[in-house]
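**Student:** Now for the letters of each chain:
Number of protein chains: 4
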Amino acid sequence: MDHAILLISCPDQKGITASVANFVYVNGGNIIHADQHIDEQSDTFFMRIEWELAGFAFPRNRIGAHFAPLARKFRMDWSLHFTKEVPRLAIFASKYLHCLQDLLWRQKAGQLPAQIVAVVSNHADAKKLAENFRIPFYRFPITKKNKLAQERKQLALLKKKGVECIVLARYGQILTEKFIRQYRHRIINIHHSFLPAFAGKSPYAQAYGKGVKIIGATSHYVIEALDEGPIIEQDTVRISHRDSLQDLVRKGEDLEKMVLSRALRWHLERKILVYDNKTVVFS
Amino acid sequence: MDHAILLISCPDQKGITASVANFVYVNGGNIIHADQHIDEQSDTFFMRIEWELAGFAFPRNRIGAHFAPLARKFRMDWSLHFTKEVPRLAIFASKYLHCLQDLLWRQKAGQLPAQIVAVVSNHADAKKLAENFRIPFYRFPITKKNKLAQERKQLALLKKKGVECIVLARYGQILTEKFIRQYRHRIINIHHSFLPAFAGKSPYAQAYGKGVKIIGATSHYVIEALDEGPIIEQDTVRISHRDSLQDLVRKGEDLEKMVLSRALRWHLERKILVYDNKTVVFS
Amino acid sequence: MDHAILLISCPDQKGITASVANFVYVNGGNIIHADQHIDEQSDTFFMRIEWELAGFAFPRNRIGAHFAPLARKFRMDWSLHFTKEVPRLAIFASKYLHCLQDLLWRQKAGQLPAQIVAVVSNHADAKKLAENFRIPFYRFPITKKNKLAQERKQLALLKKKGVECIVLARYGQILTEKFIRQYRHRIINIHHSFLPAFAGKSPYAQAYGKGVKIIGATSHYVIEALDEGPIIEQDTVRISHRDSLQDLVRKGEDLEKMVLSRALRWHLERKILVYDNKTVVFS
Amino acid sequence: MDHAILLISCPDQKGITASVANFVYVNGGNIIHADQHIDEQSDTFFMRIEWELAGFAFPRNRIGAHFAPLARKFRMDWSLHFTKEVPRLAIFASKYLHCLQDLLWRQKAGQLPAQIVAVVSNHADAKKLAENFRIPFYRFPITKKNKLAQERKQLALLKKKGVECIVLARYGQILTEKFIRQYRHRIINIHHSFLPAFAGKSPYAQAYGKGVKIIGATSHYVIEALDEGPIIEQDTVRISHRDSLQDLVRKGEDLEKMVLSRALRWHLERKILVYDNKTVVFS
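Protein chains in written order, with this note's numbering: chain A, -3 to 279; chain B, -3 to 279; chain C, -3 to 279; chain D, -3 to 279.
By construction, these hints were calculated from the structure, which means they are not laboratory data. Since the structure is predicted, the reported quantities are computational estimates derived from the model, not experimental observations. Every residue gets a Cβ at the ideal spot worked out from N, C-alpha and C, and that includes glycine.
One side of the interface only, derived from the structure: several residues of chain B facing chain C at Cβ under 10 Å:
| hint | residue |
| --- | --- |
| 1 | Arg102 |
| 2 | Ala105 |
| 3 | Gln107 |
| 4 | Arg238 |
| 5 | Ser279 |
Derived lysine-lysine pairs resembling DSS-like cross-links, with alpha carbons at most 30 Å apart:
| hint | chain 1 | residue 1 | chain 2 | residue 2 |
| --- | --- | --- | --- | --- |
| 6 | C | Lys267 | A | Lys274 |
| 7 | A | Lys206 | B | Lys274 |
| 8 | C | Lys197 | C | Lys141 |
Work out the full structure, taking the sequences as your base and the hints as a guide.
**Tutor:** Structure, rendered in structure tokens:
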């Protein structure tokens, strides 16, 4: 498979779809998928278009330059991706390892188009698991005092490794704004509640105390405001008075795995556009 | 069908189940359903037991007196109900009539073991619908100024009609504490969000603005604190960026109907116990 | 709202999307939605494109003629629809009226872009309900002997009324092939099981006997082979050993209403393409 | 935790609940859970009762003898279990390892009250996975010719290991009647479809070909008739025309893991009663 993918957002006007489709067509591309959406409140146009590169007029590294005039004409925010360029991923985890384990398994099973180049943790618990899957493990113990210094080292490692996307698989630390800014809309978190309900700490205990009949999990991009980033995916499961807090945790962990892996796969397949702190997911 | 139903809660100790089952057995009752639950945090015992009255030792009006000593022994909160005594219901509605229509239809179809004796509204919109189902309609226009006076009149009507349970089927007014105290844990509301998320006004607009991927509806008993009463039932439905605010409303209305009618049916079938602002639902 | 909608299927090749989008663009149309899909097994291209007619180069009745050369070039199956031309609908029902009632309510609430011009039945049960909603009711009692004659009369009525689409809302009769051929892929049925499981008679009793833990409902286009037509929509609900056959019926009826109304709405919004006895639903 | 669990089924009559609860009470047991169900069609009574053994009148190995007279009186089928006696489990797998991996992970995470004492396979693929979790791996290659002989060896191994329950985690072989009879209602299979739809081979391909909008998975006890055993648990997930056969497989594998692990947990927690080729699950 050798495809190009264009993600576009711009003010809506006549002719965008025709112009973009035409760009692909006249240059010899065969469109495999084309999705578009118009947000009527802000009059914004969104598009994801994917085409086969076999027989295309330009090599990968020159497509952008040829597309740029069209992009300027329509004042597009745009990015260009290639299925042959497999994203390099780092997974951050702490003591709850179910999501990490699930992602490692899925990647190995071919469900995640990514290279996992590092497992990063503030604890030692994930070491053996990472090694079982032959992924390098890096430990950065975090204290209030050393946090900024450790984050600098983490960022240096990520840079050296060419990491493009970070997954927080129940990572127990809150990243600083400085860190987040380096990976804007490229850090994916799983929160173990149906946000915006039960944001913050101990969401299962909050849900148990409140007596809700359904619990959820939410995957979102990380922004500076805690648990407030653009939501990518959510799912829910029914509970009852018979479920103890421990049952909520068990049921919730299954949700977390499903929701996080879906969100990550869509991100890796370049199916997500962010605007106005929300997401368009062309799933 | 001629059954008795006992709802019991009390501090947990040995012998409760045996004693209650024995009370039914030695007096000639055949147990049809028996459900129990122990809340381990508060060490509280909950039970719902239902038995056939054919051949039972006492008539309905004397069962309570015979059970009372056992209840005292175990310090029970308890209530006794009979399937032959069909609860009298009032439905309050305003301008959104989908829930009212749904409940009227279900009652007529035999899905709700209740008599609907009044439709009450602050507006005239529901009049024709109520009349189509031959239910008396009562209008009480509400202003800031006349609210207390109108509630007094409503309560007088409900008393006269022998109303035991009130359903707020998207009723647009907030009831006063005084009103609520008259019908403690007997007023059932439908809130058009997945509480505790998006409490208060315009939950669909809140959900749309936040960019959630799932919306919900919540049915709960009304207490003095707005949208904070014990949750009886919730359900959720998936949405996407393609759904407009209007689509959320449409999808949500289907949820509201399902959730409210389930909650009400469980209440009418005496399947709900309230404790600690939560519910045990023996569904 | 004054939109045109094109539904297209044709052998896949380069340039279809660009050509169709260009047709809309050069003639002054603003694309509101564009969805496409390629079935990789049969190499078939599917498209739904919707655009605003305000300012479009041709009036409605001449758009088809202008599009025809492009359609021929790509050997398209295509149809052209207009949101201003509201489809005329007939609903067939028998003795179970929940789906009929639900559709009448939704139509009145503005959720179904259709005119309901007739309720047709072999029994009298639906008469009062139809009249409550001021829809003409027509009764055609069916016996083995008179079936063909009655269907001829039904077809005459439908023709006279200009009916374009028929909904079988738990209609108890099996239509003859002759009837079905008059409304190819324009008769929508609701089957009260998760097809292909429990096809034929009494699906709830079949499901109950089998001890399944989930039941479903299926909406499909009617073809000559009973319960074998292209599936439009399905949904499921959880049951348990506590659910009696009657509970299955009650839970199932809610599913039926949801599934049928969704399927019908998608049909009316021209979101469905049929191929290979399956459907593409651009929902 | 040191509990006893009684599973009971018998013809319904007055006094069963009282007698059983009394047996526990007078002998000093504290009931933790008590669930009962009456199948009205066959007038059969089902019960699961769990009590704390601390302070109970008899040691574990003498409880049965003391209960037997009561059991005879009510003509009970019954079995007695103890939470301290952790069941010994063998998992059979072949080439698809997602379910095996999931069960091994859950067991290690404390979600499955069982000892996994053997992974058995006709292929070598699962070897490394089993060893990662330090579970002994046994390979029995199967051909048409050696099948009976290999099964004899498998049974000998299971006997030697004290295996009480077998999980077929996508095991590719059909067990013979002789094998099945040794483990009546103690072999749990996962079938990758929403049974009874798409029984037999390649259910995902069948579902894809049929164009269903939802797929499912089913866990059931294995009986002599293929895919016809009592259903324990099912779940479903939505698909669309955009999902390839490969997507169905991926989505379905997640279902399989969830459904199989739930069914197994309920079996291990002694929450399942079988009758009339159906199950009562006191979940």
